[in-house]
Amino acid sequence: MRQLLQLAEYVGVDYSEAVANGEVINPDEYSEMTEFAGLIGEKTEQAPQAVQPEMRQLVDKLKQLINDKADPEAVVALTSELRDTLLSALPKLSLPSKLASEAQVKQLFQQNCAACHGASGKGDGPGAAGLEPTPTNFTDRERANNRSLLGLFDAVSDGIDGTAMASFSHLSEEERWALTFYVGSLAFNDSADSEQKVALSELINYSPNTLLQRGISSNAIDYSRTHARSYFSERSVNSPIAIARITLGQALKAYQQDNYSEAKRLAISAYLDGFELAENSLNAKAPELMRTIERDMMALRGVISKPGKLQQVEQMTAQLQQELDVAANTLSEDKLSESALFAASAVILLREGLEALLIVLAIGTVLARSGRKDGLRYVHAGWITALIAGVGTWLVAEYFISISGASREIIEGGAALLAAVILFYVGYWMHSKTQSQQWQRFIQEKVQTQLKQGALWGLAGLAFLAVYREVFETVLFYQSLLLQAQDNGSSVAYGFAFGLVVLAVVAWAVIKYSVKLPMNTFFKFTTYIILALVFVLLGKGISALQEAAWFSHTAFPVDVTFDWLGIYASWETLGAQLVYLILVMALFKRQVSSKLSKVV
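For what it's worth, the UniProt record's numbering labels the leading residue of the sequence shown as 1, then goes sequentially.
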């Protein structure tokens with residue numbers, strides 16, 4: 001099928017060398033055009049069934065145009081339509097992730113290409129004399145506008161039958177792609193200034209003329225062709241988006257080999273080890289795109305483990321690859337602005353830290369109002385240990401052992417659900433003590449005797465769980481954000497500082513005003529906060545375990561996602577939260593009925 005793409009493009013590029021003004025100007029070239037059109041017709045029978053009828057019509061029309069010695073523009077347009085039709089039905093090209101160095105590629109060109117194509121790529125090398133067809137002049141803009149980088153790569157890799165162009169398959173893929181981008185840049189303006197690059201997949205798959213027809217500016221095309229290395233910087237190759245893209249390609253390959261369990265594992269890894277770490281950065285620039293990719297990755301995981309879904313998996317993977325290309329370009333068009341970096345940094349800390357802070361404050365204020373301030377040291381020991389353990393876990397994962405994204409989500413989800421269970425018990429217990437008389441009686445009878453060291457260590461454990469589940473992931477998010485910051489890390493630092501200030505203000509307000517509340521009001525207020533946090537933790541815990549593929553994920557028909565509240569668009573999370581709300585109402589109703597019966 002790649003040969004079919006190459007042949008169609010070759011006819012579009014070289015037809016103008018054979019025909020002009022309705023006359024044959026080069027009989028050998030014209031004979032080759034006729035021969036290649038016949039080959040395209042033969043190979044069309046091997047094309048995907050879905051596009052064969054359309055392809056046959058287009059091939060018949062192409063043969064007629066060549067036979068009629070039609071205008072070259074009509075042939076270029078038709079061969080472009082042929083390629084578009086075929087590309088729409090084929091799996092997305094596995095994009096290169098790395099290129100040979102610039103110095104190395106220039107040396108490769110002089111050693112392997114200059115003899116025919118000339119030292120500067122003009123087709124005037126010492127070996128060009130007598131060759132038919134003549135070697136390509138890579139500086140000819142008119143020809144270059146009709147040539148895709150994919151066509152160039154296939155010519156470098158496989159050669160071109162019937163010409164002197166030999167295969168260079170002995171070169172590594174990195175070297176062949178580097179040569180492709182190098183010769184594909186020679187006809188373009190390297191001083192072009194563009195604020196927007198072409199998506200890498202489109203830059204490779206389509207000719208500049210096709211890109212122009214799609215509304216992409218000439219400046220953007222020139223800039224992208226001549227600055228191709230910006231797509232493959234070391235920072236970009238190791239970026240979460242690049243990791244997601246590469247891993248998705250591996251997942252598709254595993255599925256094509258009928259290894260469904262490995263395909264699902266890789267699809268999960270593409271999200272957890274790749275895209276998830278870029279979500280905050282992308283959300284600062286294109287929140288709708290971020291949500292679309294997240295939703296589509298989850299949908300792919302629901303299909304890729306099932307046999308007999310190859311066409312659907314290929315289509316979904318191709319769509320995701322295209323979306324990830326757009327995401328990569330969105331993040332690399334230029335550095336994230338200072339305001340975007342600041343906002344992303346602040347949101348990361350506030351989103352990950354606020355609920356943990358509220359849990360720790362709720363435990364601490366309850367102890368303080370209970371006359372057990374001695375227990376605060378256990379709570380402080382819990383959250384401080386969590387900070388150390390979280391950073392320590394990240395260091396171990398970074399430098400000593402590999403902790404997968406799935407393992408990270410299992411840790412986070414398990415901790416969230418365990419904390420939710422403990423908090424629910426605490427909240428329900430506190431609700432039963434909202435009457436000041438009951439609380440005073442409880443203090444006199446129970447607190448001083450039953451809040452012993454074991455129970456206090458339990459509170460320390462709760463503080464540990466609440467903080468630890470956030471710290472490890474927070475460090476990873478900031479590490480990813482700093483990749484996008486490049487030389488502008490100060491904005492990330494300012495956002496982090498702002499987030500700390502907001503958390504400090506929240507802590508101060510809770511401590512100050514909770515002390516002034518009457519006992520029954522304090523307990524009602526704290527109870528509602530704790531039960532709301534249980535709702536949030538329940539949603540986040542199940543969502544994390546869904547991402548780790550421990551729980552199934554059935555998409556809710558309406559996107560009701562609200563991450564701050566732990567609300568996600570899946571039947572499983574929403575169902576669990578609904579059951580939780582029903583349980584809370586039932587237990588509270590039971591308590592009210594019990595109190596009324598005692599009054600009576």
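It is worth saying that the hints were derived from the structure and are not from the lab. Among the clues, some could well be false.
Think about it this way: if two alpha-carbon atoms lie no more than 16 angstroms apart in a straight line, the pair counts; the simulated EDC-like pairs of lysine to aspartate or glutamate are [unchecked claim]:
| id | residue 1 | residue 2 |
| --- | --- | --- |
| 1 | LYS69 | GLU102 |
| 2 | LYS61 | GLU73 |
| 3 | LYS589 | ASP563 |
| 4 | LYS106 | ASP28 |
| 5 | LYS69 | GLU142 |
| 6 | LYS106 | GLU23 |
| 7 | LYS285 | GLU314 |
| 8 | LYS61 | GLU29 |
| 9 | LYS98 | ASP84 |
| 10 | LYS69 | GLU42 |
| 11 | LYS106 | GLU81 |
| 12 | LYS98 | GLU173 |
| 13 | LYS285 | GLU323 |
| 14 | LYS43 | GLU54 |
| 15 | LYS61 | GLU35 |
| 16 | LYS43 | ASP60 |
| 17 | LYS98 | GLU174 |
| 18 | LYS69 | GLU23 |
| 19 | LYS309 | ASP273 |
| 20 | LYS122 | GLU102 |
| 21 | LYS253 | ASP193 |
- [ ] Decide if the proposed pair is consistent with the structure: LYS61 and GLU29, CA atoms, cutoff 16 angstroms inclusive.
- [x] Given pair LYS61, GLU29 is violated - Cα atoms ~19 angstroms apart, limit 16 angstroms.
Open item on the list: Hint check: LYS69 vs GLU142, CA-CA at most 16 angstroms. Holds or violated?
Closed with: violated, 20 angstroms
Task: Satisfaction of hint between ASP60 and LYS43, Cα-Cα up to 16 angstroms - done: holds, 13 angstroms
Task: Agreement of LYS98 and GLU174 with the hint, judged by alpha carbon distance not exceeding 16 angstroms - done: The hint holds at about 6 angstroms.
Task: Restraint status (C-alpha distance of LYS69 to GLU23 at most 16 angstroms) - done: holds, 6 angstroms
Task: Agreement of LYS69 and GLU102 with the hint, judged by alpha carbon distance not exceeding 16 angstroms - done: violated, 42 angstroms
- [ ] Would you mind confirming whether the straight-line C-alpha gap from LYS98 to GLU173 stays at or under 16 angstroms?
- [x] holds, 9 angstroms
TODO: With a cut-off of 16 angstroms on the C-alpha distance, tell me whether LYS106 and GLU81 pass.
DONE: Not OK: LYS106 and GLU81 at ~34 angstroms, beyond 16 angstroms, violated.
TODO: With a cut-off of 16 angstroms on the C-alpha distance, tell me whether LYS61 and GLU73 pass.
DONE: holds, 14 angstroms
Open item on the list: Need the status of pair LYS43, GLU54: alpha-carbon distance at most 16 angstroms?
Closed with: holds, 14 angstroms
Open item on the list: Run the distance test for LYS122 versus GLU102: straight-line Cα separation, threshold 16 angstroms.
Closed with: Answer violated: LYS122 to GLU102 is near 20 angstroms, above 16 angstroms.
Open item on the list: Between the alpha carbons of LYS69 and GLU42, is the straight-line distance 16 angstroms or under?
Closed with: Status violated; Cα separation ~21 angstroms.
Violation of the numbered hints given earlier is confined to hints 1, 3, 4, 5, 6, 7, 8, 9, 10, 11, 19, 20, 21; the remaining hints are satisfied by the structure.
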